[in-house]
Amino acid sequence: MQPSKETLGWMYQTMVTSRRFEEIIEKIYLEGKSPVFNMANGPIPGEMHLSNGQEPVAVGVCAHLNPDDVITATHRPHHQAIAKGVDLNKMAAEIFGKASGLSGGRGGHMHIFDADVNFACSGIIAQGMGPAAGAALSRKLQGKPGVAVAFIGEGAANQGAFHETMNLAAVWKLPMICVIEDNAWGISVAKETATAVKRNDVRAAAYGIPGHYIEGNDPWKIYEVAGEAIARARAGEGPTLIEVETYRLAGHFMGDAEGYRPEGEKDGLFAKDPIPAMRKRLEGEGAFTAPELDALEAEAAEAVETAIRFARESADAKPEDALTAVFA
Amino acid sequence: MQPSKETLGWMYQTMVTSRRFEEIIEKIYLEGKSPVFNMANGPIPGEMHLSNGQEPVAVGVCAHLNPDDVITATHRPHHQAIAKGVDLNKMAAEIFGKASGLSGGRGGHMHIFDADVNFACSGIIAQGMGPAAGAALSRKLQGKPGVAVAFIGEGAANQGAFHETMNLAAVWKLPMICVIEDNAWGISVAKETATAVKRNDVRAAAYGIPGHYIEGNDPWKIYEVAGEAIARARAGEGPTLIEVETYRLAGHFMGDAEGYRPEGEKDGLFAKDPIPAMRKRLEGEGAFTAPELDALEAEAAEAVETAIRFARESADAKPEDALTAVFA
Amino acid sequence: MENERKLTIARAMAESIAQEMRIDPTVFVMGEDIADLGGVFGNTRGLADEFGKERIRDTPISETGFIGAAVGAAQDGMRPVVELMFVDFFGVCFDAIYNLMAKNTYFSGGNFKVPMVLMTSTGGGYSDAGQHSQCLYGSFAHLPGMKVVSPSNAYDAKGLMTAAIRDNNPVIYMFHKGLQGMGWLGTEAGANVHVPEEAYEVEIGKAAIVREGSDVTIVSIAMGVHHALKAAKALEADGISAEVVDLRSLVPLDRETVRASVRKTGRLIVVDEDYHSYGVSGEIIATVCEADDLTLKAPPRRIAYPDVPIPFARVMEQYCLPNAEKVVAAAREICRSAVTA
Amino acid sequence: MENERKLTIARAMAESIAQEMRIDPTVFVMGEDIADLGGVFGNTRGLADEFGKERIRDTPISETGFIGAAVGAAQDGMRPVVELMFVDFFGVCFDAIYNLMAKNTYFSGGNFKVPMVLMTSTGGGYSDAGQHSQCLYGSFAHLPGMKVVSPSNAYDAKGLMTAAIRDNNPVIYMFHKGLQGMGWLGTEAGANVHVPEEAYEVEIGKAAIVREGSDVTIVSIAMGVHHALKAAKALEADGISAEVVDLRSLVPLDRETVRASVRKTGRLIVVDEDYHSYGVSGEIIATVCEADDLTLKAPPRRIAYPDVPIPFARVMEQYCLPNAEKVVAAAREICRSAVTA
Ligand SMILES: Cc1ncc(C[n+]2csc(CCOP(=O)(O)OP(=O)(O)O)c2C)c(N)n1
Ligand SMILES: Cc1ncc(C[n+]2csc(CCOP(=O)(O)OP(=O)(O)O)c2C)c(N)n1
Ligand SMILES: [Mg+2]
Ligand SMILES: [Mg+2]
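Chains as they are written, first to last, in the numbering used here: chain A, 5 to 332; chain B, 5 to 332; chain C, 4 to 344; chain D, 4 to 344.
Treat the hints with care, as some may be off.
Reference excerpt, derived from the structure (chain D facing chain A, CB under 10 Å, subset only) [stated by the list, open to error]:
| hint | residue |
| --- | --- |
| 1 | LEU40 |
| 2 | PHE54 |
| 3 | THR67 |
| 4 | TYR129 |
| 5 | VAL196 |
| 6 | ASP310 |
| 7 | PRO314 |
| 8 | CYS323 |
Since the hints were derived computationally from the structure, they do not count as laboratory data.
Cβ atoms here follow ideal geometry from the backbone N, Cα and C, with glycine treated the same way.
Isolated chain A, as found in the complex (with noise of 0.2 Å):
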């Protein structure tokens, strides 16, 4: 299975717009926090984790995925959720908290909740898992068309709910795939030290499903074997598990020193931006022109300044507007 041009547009797209409106939030993040870094001050507070670099995971999924699918996504959800057409400008409004925001302001940039498109979050580790499962089932139940694909962490497949949860759609067969994005790291803890086993693919055995590996955060792949088990899971056959070797080219979340990571290790996954790669081989094999890049370029980076002016200029949450919305 190869992506289509168009596909390839929009993944490269795809992942350019996560890019910029990453970089830009990264920069407006650090407003206010300086000289002294205070997490609670500035523009947007908080935690804030990037997805830089994971970018390929995103596109290579959701380019399979309708709006009708369901995600269930983590504490690192911006490429998810711009891949899996989250409203730009409430998401980035919902970021900075404001009351045009995706929840008024109520869940940030962990909580990144859009039911137009089915995407939804949780900040615990791995707890993704149980609902996407849910999802699946209830599409079987109401015999709906749909899978769920449920985004974790290497770390969060050493969670109990990660055993729980797949256990459960193989044995009910459900139309779910999870897709484990490995970026070698859990915060300042390596796999290695974490994980009993190299490569968590091997965990499907555990669960008599089929089991993937991907290396080297290729979109290419990524999109062929996300198809594969996308197109199985919606032919009723079942969830599979994919892990993807994956980069975090940012710090777990702004303020990280990364004093754990080994020396040199950074500037390696640098040069393995899988972004300028993307371009490189677009353009290597003539699929796309440089101009026709630069196009799609311009318009990922004008979609994010659009939704970050929308966000800026939308007003701030009502602060009694905290005590709404805890019920429907």
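Mind docking chains B, C and D with the ligands on chain A? Use the hints.
Okay, now just chains B, C and D with the ligands, sitting in the frame of chain A:
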């Protein structure tokens, strides 16, 4: 690895002790509970989970353990407790809720704790796993000998605690063994409707450790496989996962009508009762004479009677002692 | 009564679920041993026969997995009714309950609804020891985003279940084992009352005055209501008139009904089978004492489970549990002034 | 002061752990990101350098696994100090905490001891939203078998940690992020106080009067103590003399110190960053009101976190949080009689 005659005799006798113990408990449990069965009544109130049929697992494993080694057991702990050498008198008294019981009546049948032989329980499914790993870690950190064995049911292997702990034990190379008693049922739910794989030994692959499945509830095979795993753990080579096919000859708990069992299943199981089967083989192979085995059985029966007498004759727990022993 | 149709709470719960399942295809049930076995506590008995095992779905022993799944299904348009067999097991799955189920509506600014019922058994008294006998009312009621109800009788059991299934929010439905009407758990006869055949709702968040009185207000929930009613009867002989308030819901809490009663009687006793400290009893006392327009004639009293794990031995457990005698003693003590007056 | 050695709470905690580890080889530390990173909140900084990564042990993200393991290690003669990074995560591992750690001593009739410390961060105020900002004091304090402490300053932080490690029972050690003295979380200057170099214990279960006063008692814990102290200062100008009680321990709860203070002042305000209902504030109010020998001059008041999940947006969160102004307003209202008198 083949058991010596002495070991075989101990194994057989211990199985008989456990069976006789539960047969008497079963009878006494029903005292005061007729004509209307009400759990709260009689000399032994509360839930009662019998292990009849599962004795081979306990003796095959515990034959390799000494009092310093650690066991964590479940809601169905009698056979394991007896095989581990828990004080039979105090255990009986505990089940009767007497002041002379292991815990002075605070724990009852689901909470058998004997520090002298490092035996502990939890009535919460799979929650003995973590403590077993911790005891193993303690030995490793202190440079002290000893292994820890967590016994769980096949239903428990779908709990998060199972997964988290197996990974932990593997990544830290702990001297721990997880023994799964596969009696095919978790209360009324059959293994195949709850577990995505036929045999849990394949789940060892998820932790990069050895996994074994033992068919036929066979004391000799259990002895052999457990012996290797325990030797491996003692040698510092890390954990092993063992699943044993076994049979629950009783209901899940007393009072269970077992309407969920396919017709005839119970009869087939009774025909495979491991105690007559072992006796037959011991005699058949000429390892023991009938009088030798009779003597072992008589000793077992006597120990059980002594224990039950001790329990019956002991003083009740004092009501107000309920308020003590919360803190050490 | 001629047309009386006395049901147990277990049957009343099952009847409500069945009626809702007949009219609403999005309602389904998940949990351990709920299909062939009909639920360890009988509250799903018969449902698998009528609705089949797709909609009455036995689960693996994976509470985090299937309660999390219920959240996802509820967000996707279903109305799951899920069973956590004993409330004591909440520790293996509480994140799915309190961080997902209870908060996703808020996190999404109301864009995701989580209409689900989590039913779970509570209570001791039959020597099931410290991991199978707790009430934990306070543990659930303390955390925002979920409604919490617990019936004391079959009429409320059916009406609260119907209201809970129809509610667009997550509802924790706690049923006390001692009230289920399962013979093997003992039976509190007062729980088995007339239950209309047709579907009806009991409003969540509304307490009931189940007995009127003028000298002392006894506030409780579930099993405690029966202790209170028995105590009230015994107190009559002493000339003490006790009013009994059955909270029925802990969240939302009907503070006004409690305060109105105490305004009338001037005295308060709370009966709570949950642990003494930092729970229901403290909250009810505070609710009354912080009211500006309320003066107590005597200090409030609470009969709660002491702050110790629940022991196995019958004599120990019974020593710790609330009962009518303890309520009577407390009432006599704080009503002394009333009686001498 | 000449010999003042002001430490942050983070450093005071690490110092206590290091001192105990030097004298007791059974003490070790487990948790996520506690070794190379020194703990997300700095309270294990430097320990891996001194003690190595066997005794300062990074774990997988497997809270049920490693907290359960701590229980097993504690029962086997070790004294684990374990970190649950945010208290909000308790839902993924609470069974190991409340059904094993807290109960195994009781279940075993005292034959197993479980000497372990579970340290966990609490509190919001820096826009970390609803899964990373809670206090949950009531959730832990409600359940029997574990001691629960939370320091408001570095002196208590060190002394409580030392006492907790030496205790033969499980202790939940809750540290408020806003008091840690980590710049990136903001810094409450009042928390950084003189800390003696040598090891010492602060008794678990003993509250402290951190400011004497005669008109109103303000009871709180951790961050709330600083709100209370600021309020007390502001109230001076109004001629209102506030006494501030720092509970320090929730379990055991020093009810007598609270009651003695309110006996003197006749008025009570509880400041609690945990949720309003069924928690600490209700328990403290009940503790005071149920005392036979105590008459209040005004109804008690509580400044607690409302019963809603914690929102992300700064203006929303700050609106909900307790602060000195809210305490001042409550004190003015209930002390009106005192001031006019
Ligand atoms: C249950 C739970 N434990 C711990 C945390 C704290 N935490 C947040 S992110 C993180 C690391 C996650 O690692 P991984 O799953 O690999 O995702 P990544 O951050 O690399 O994207 C941890 C430990 C949490 N949020 N939830
Ligand atoms: C976390 C948890 N969920 C559910 C239960 C209720 N329960 C007790 S025993 C049991 C079945 C256990 O099956 P298995 O692990 O196979 O052990 P067996 O009873 O067959 O020995 C269940 C579901 C429990 N004790 N703990
Ligand atoms: Mg990672
Ligand atoms: Mg079983």
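A quick look at each hint next to the structure:
1. LEU40: holds (4 Å)
2. PHE54: Constraint on PHE54 (chain D) not satisfied, violated at 17 Å.
3. THR67: holds (5 Å)
4. TYR129: Holds, because the Cβ-Cβ distance from TYR129 (chain D) to chain A comes to roughly 4 Å (cut-off 10 Å).
5. VAL196: Hint on VAL196 (chain D): violated, closest Cβ of chain A at ~21 Å, above 10 Å.
6. ASP310: holds (8 Å)
7. PRO314: With a closest approach of 4 Å, the PRO314 (chain D) hint holds.
8. CYS323: holds (5 Å)
The structure is inconsistent with the numbered hints 2, 5, although it conforms to all the rest.
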